Each structure stands twice: as C-alpha cells, then as structure tokens.
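Take the sequences, apply the hints, and build the full model.
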Amino acid sequence: MDCVSANLYEAMKLRRMSQAELAEKAGVSKTTITKIVKNRTSPTVDTLQRICGALDIQMRDLFTDSTAREIVLDGDRQKTIQFIIEATPKQMDFIIEIIDMVKKI
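Going by our numbering, the first residue of the sequence shown is number 45, and it counts up by one from there.
If you are wondering where the hints come from, they were derived from the structure by calculation, not from laboratory data.
Where hints are given, some of them may not hold.
Claimed, not checked - For lysine to aspartate or glutamate, the following EDC-like pairs were computed, each having C-alpha atoms within a straight-line distance of at most 20 Å:
(1) Lys57 - Asp100
(2) Lys74 - Glu54
(3) Lys82 - Asp105
(4) Lys79 - Glu54
(5) Lys57 - Asp118
(6) Lys74 - Asp109
(7) Lys79 - Asp46
(8) Lys123 - Asp109
To be verified - Label pairs and their computed distance ranges (CB to CB):
(9) Glu54 - Ile142: 36 to 44 Å
(10) Ile129 - Thr85: 38 to 46 Å
(11) Glu130 - Tyr53: 30 to 38 Å
(12) Ile140 - Gly71: 37 to 45 Å
(13) Thr75 - Phe138: 41 to 49 Å
(14) Arg84 - Glu130: 43 to 51 Å
(15) Ser62 - Ile149: 16 to 24 Å
(16) Lys148 - Lys69: 18 to 26 Å
(17) Asp118 - Ile142: 13 to 21 Å
(18) Ser73 - Val146: 47 to 55 Å
(19) Glu68 - Asp120: 42 to 50 Å
Computed from a predicted model, the values in this text were never measured in an experiment.
Ideal placement from N, C-alpha and C gives every residue a C-beta, glycine not left out.
This is how it looks when you write it as structure tokens:
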C-alpha cells in the first residue's frame, strides 16, 4: 500500500487540499486520512471510493506507480495546459512574461 499513500499525498498536494478538507469532502475522519497517508492502515474499498470521488480521480490512480503514470490535473490546469499547447508564438511570449511576473510574487 506504499504507492496508495504516496499517490494520495501527491493528489492532495496537486489540489492544494489538506487532510481535513479531504476528510470532510470524502465523508471520512481526518484520522482515517492521516493513517492512510502515513501508511498505517489499509483502507476499505468504500473509503477509497469516497476519497477518489472527493479528489476526482480513478481508484487505479492510487495504485499505479507514480513514475509510470500520467499526471492527474484538475480542470483549470487542464484548460491552462491546453491553451498553452494551442497558443500562437505571440501568446506564448505573453504567457512567459506572466509566468515570470508570478514567480516573483
């Protein structure tokens, strides 16, 4: 279950979601989330389904080796990446300027 713990932590980090926020959204206790993240318990299928629903991911995403799987992005990040892929050279120049400004914040 090491990969479940690591992938759960990664998914929470990507979504900037705390253990308390995930617990509330998934309808489980914060203690349960903490134990899973620290690899101190084997969650039930029901618990995993609730967590996956709260994170908007597939259960297989928790069991897949993170080095061998695709990065799971939320809707805003997907839209941003798609925009960058389709950007004209002029738009790319502007995007890079914005990124440089944001990095200074």
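Right, here's what the structure says about each hint:
Distance hint between Lys57 and Asp100 is fulfilled; the C-alpha atoms sit about 14 Å from each other, no more than 20 Å. Straight-line distance between C-alpha atoms of Lys74 and Glu54 comes to about 17 Å, which keeps the hinted pair within the 20 Å bound. Distance check on the hinted pair: Lys82 and Asp105 sit about 18 Å apart at the alpha-carbon level, within 20 Å; holds. Distance hint between Lys79 and Glu54 is fulfilled; the C-alpha atoms sit about 15 Å from each other, no more than 20 Å.
Annotation: proposed proximity of Lys57 to Asp118 holds, straight-line Cα distance about 12 Å (limit 20 Å). Using a Cα cut-off of 20 Å, the hinted pair Lys74 and Asp109 is violated, with the two alpha carbons roughly 25 Å apart. Proximity of Lys79 to Asp46 is assessed by CA-CA distance (about 12 Å); at most 20 Å being required, the pair is judged to hold. At roughly 25 Å between alpha-carbon atoms, Lys123 and Asp109 are farther apart than 20 Å, so this suggested pair is violated.
Between Glu54 and Ile142 the Cβ separation comes to about 26 Å, which falls outside the hinted range of 36 to 44 Å. The hinted window of 38 to 46 Å between Ile129 and Thr85 holds, with their beta carbons roughly 40 Å apart. For Glu130 and Tyr53, the Cβ-Cβ distance of about 32 Å falls inside the hinted range of 30 to 38 Å, so the restraint holds. The hinted range of 37 to 45 Å is satisfied by Ile140 and Gly71, whose Cβ atoms lie roughly 42 Å apart.
A hinted range of 41 to 49 Å for the beta carbons of Thr75 and Phe138 is consistent with their spacing of about 47 Å. The supplied range of 43 to 51 Å is met by Arg84 and Glu130, whose beta-carbon atoms lie about 45 Å from each other. The hinted window of 16 to 24 Å between Ser62 and Ile149 holds, with their beta carbons roughly 22 Å apart. Checked against the hint of 18 to 26 Å, the pair Lys148 and Lys69 fails, with Cβ atoms roughly 33 Å apart.
Between Asp118 and Ile142 the beta carbons are some 20 Å apart, a value that agrees with the proposed interval 13 to 21 Å. For the pair Ser73 and Val146, the supplied restraint of 47 to 55 Å is violated, since their beta-carbon distance comes to about 36 Å. For the pair Glu68 and Asp120, the beta carbons lie near 21 Å from each other, so the given range of 42 to 50 Å is not met.
Checked against the numbered hints given earlier, the structure breaks hints 6, 8, 9, 16, 18, 19 and satisfies all the rest.
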